[in-house]
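*Asks:* Take the given structure of chain P and dock chain F to it, following the hints.
So you can see what is in the structure, the chains are spelled out below.
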Amino acid sequence: MLVLSRKPDESIVIGDDIEIVVVEVKGDQVKLGVRAPRSIAVHRKEVYQAIQAANLEASKSQMQHLQGLASVLRRQKDDPPKQ
Amino acid sequence: MDGEGIVRIQSHQFGEIEVVQDELLLFQEGLVGFSHLKTFALLESSEVHPFVWLQSIEDPSVAFVIIDPLLVVPDYQVQVHPEDLEGLELADPADAKVLAIVVVPSDPQLATMNLKGPLVINPNSRRGKQIVLADPGYSTQHPLWHQTARQEGQPCSS
Chain P
0 MLVLSRKPDE SIVIGDDIEI VVVEVKGDQV KLGVRAPRSI AVHRKEVYQA
50 IQAANLEASK SQMQHLQGLA SVLRRQKDDP PKQ
Chain F
0 MDGEGIVRIQ SHQFGEIEVV QDELLLFQEG LVGFSHLKTF ALLESSEVHP
50 FVWLQSIEDP SVAFVIIDPL LVVPDYQVQV HPEDLEGLEL ADPADAKVLA
100 IVVVPSDPQL ATMNLKGPLV INPNSRRGKQ IVLADPGYST QHPLWHQTAR
150 QEGQPCSS
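Residue numbers (numbering that gives the first Met the number 0), protein chains in the order written: chain P, 0 to 82; chain F, 0 to 157.
Where hints are given, some of them may not hold.
Unchecked claim - No farther apart than 25 Å at their CA atoms in a straight line, the calculated lysine to any residue pairs in the SDA-like style are these: (1) 76(P) / 42(F); (2) 76(P) / 45(F); (3) 59(P) / 48(F); (4) 76(P) / 109(F); (5) 59(P) / 144(F); (6) 44(P) / 79(F); (7) 59(P) / 141(F); (8) 59(P) / 8(F); (9) 59(P) / 132(F); (10) 96(F) / 38(P); (11) 44(P) / 137(F); (12) 59(P) / 14(F); (13) 96(F) / 30(P); (14) 59(P) / 109(F); (15) 76(P) / 72(F); (16) 37(F) / 40(P); (17) 59(P) / 15(F); (18) 37(F) / 49(P); (19) 76(P) / 96(F); (20) 37(F) / 109(F); (21) 76(P) / 108(F); (22) 76(P) / 106(F); (23) 44(P) / 29(F); (24) 59(P) / 104(F); (25) 44(P) / 136(F); (26) 44(P) / 134(F); (27) 30(P) / 135(F); (28) 96(F) / 47(P).
Please keep in mind that the hints were generated in silico from the structure rather than gathered at the bench. Note that the structure is a prediction, hence the values are computed from the model and not measured.
Same shape as in the complex, but just chain P (with noise of 0.2 Å):
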């Protein structure tokens, strides 16, 4: 991995329409911003691997498990729990 040292209002460019600006440094937190096309998707890294993780997970829905879970869904509507 490249590693570069910046300080606050540098920034690095990757290609020719990407660059990451170091935005602010506070203890141990940096704020960084991206300045990049609009068709690259930038997102911190847990939550897209959350949001990949669920969607291989949501890949493996059968059908058969849908029937029962849409019946209880249906019920549920129809004759909502007191509460």
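*Replies:* Structure of chain F alone, referenced to chain P:
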């Protein structure tokens, strides 16, 4: 694909299905982790209502279950930057339809839906996109059932 714009695929879950090409949904960027899959068909049926299957056309083995999240979380709100919706060709953001991907385990009580990464669809242009919400209050694994309903409702038979 034949001359009449009908797409036939041999889906793993439903056998051979035919869909009208004009009704397919195009996810230009794919779904997160499935960026190679861009074309999907919505398969509705009374036996799985109010859920709908989102069947990949490119990979017949991949199908997702989706639901209108408002049926479960009536105050669910999707706040996005206009550029997040670029590519959907939305004339009016109010036209957008928001759907959540559901994880359907063998025990229906454990079903969850992804409120952090909803699908936004423009029904007019038939383009869709999975977006990532900044709101930390929404989870990728939101239970379909309220906590109280799970504790006091139908107990899990063990």
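*Asks:* Now look at each hint and say whether the structure bears it out.
*Replies:* Right, here's what the structure says about each hint:
no.: 1; hint: 76(P) / 42(F); verdict: holds (22 Å)
no.: 2; hint: 76(P) / 45(F); verdict: holds (15 Å)
no.: 3; hint: 59(P) / 48(F); verdict: holds (19 Å)
no.: 4; hint: 76(P) / 109(F); verdict: holds (17 Å)
no.: 5; hint: 59(P) / 144(F); verdict: holds (20 Å)
no.: 6; hint: 44(P) / 79(F); verdict: holds (19 Å)
no.: 7; hint: 59(P) / 141(F); verdict: holds (17 Å)
no.: 8; hint: 59(P) / 8(F); verdict: holds (19 Å)
no.: 9; hint: 59(P) / 132(F); verdict: holds (24 Å)
no.: 10; hint: 96(F) / 38(P); verdict: holds (21 Å)
no.: 11; hint: 44(P) / 137(F); verdict: holds (16 Å)
no.: 12; hint: 59(P) / 14(F); verdict: holds (16 Å)
no.: 13; hint: 96(F) / 30(P); verdict: violated (33 Å)
no.: 14; hint: 59(P) / 109(F); verdict: holds (14 Å)
no.: 15; hint: 76(P) / 72(F); verdict: holds (13 Å)
no.: 16; hint: 37(F) / 40(P); verdict: holds (16 Å)
no.: 17; hint: 59(P) / 15(F); verdict: holds (19 Å)
no.: 18; hint: 37(F) / 49(P); verdict: holds (20 Å)
no.: 19; hint: 76(P) / 96(F); verdict: holds (21 Å)
no.: 20; hint: 37(F) / 109(F); verdict: violated (29 Å)
no.: 21; hint: 76(P) / 108(F); verdict: holds (15 Å)
no.: 22; hint: 76(P) / 106(F); verdict: holds (19 Å)
no.: 23; hint: 44(P) / 29(F); verdict: holds (18 Å)
no.: 24; hint: 59(P) / 104(F); verdict: holds (9 Å)
no.: 25; hint: 44(P) / 136(F); verdict: holds (17 Å)
no.: 26; hint: 44(P) / 134(F); verdict: holds (15 Å)
no.: 27; hint: 30(P) / 135(F); verdict: holds (17 Å)
no.: 28; hint: 96(F) / 47(P); verdict: holds (22 Å)
When held up to the earlier numbered hints, the structure conflicts with 13 and 20 and fits the remainder.
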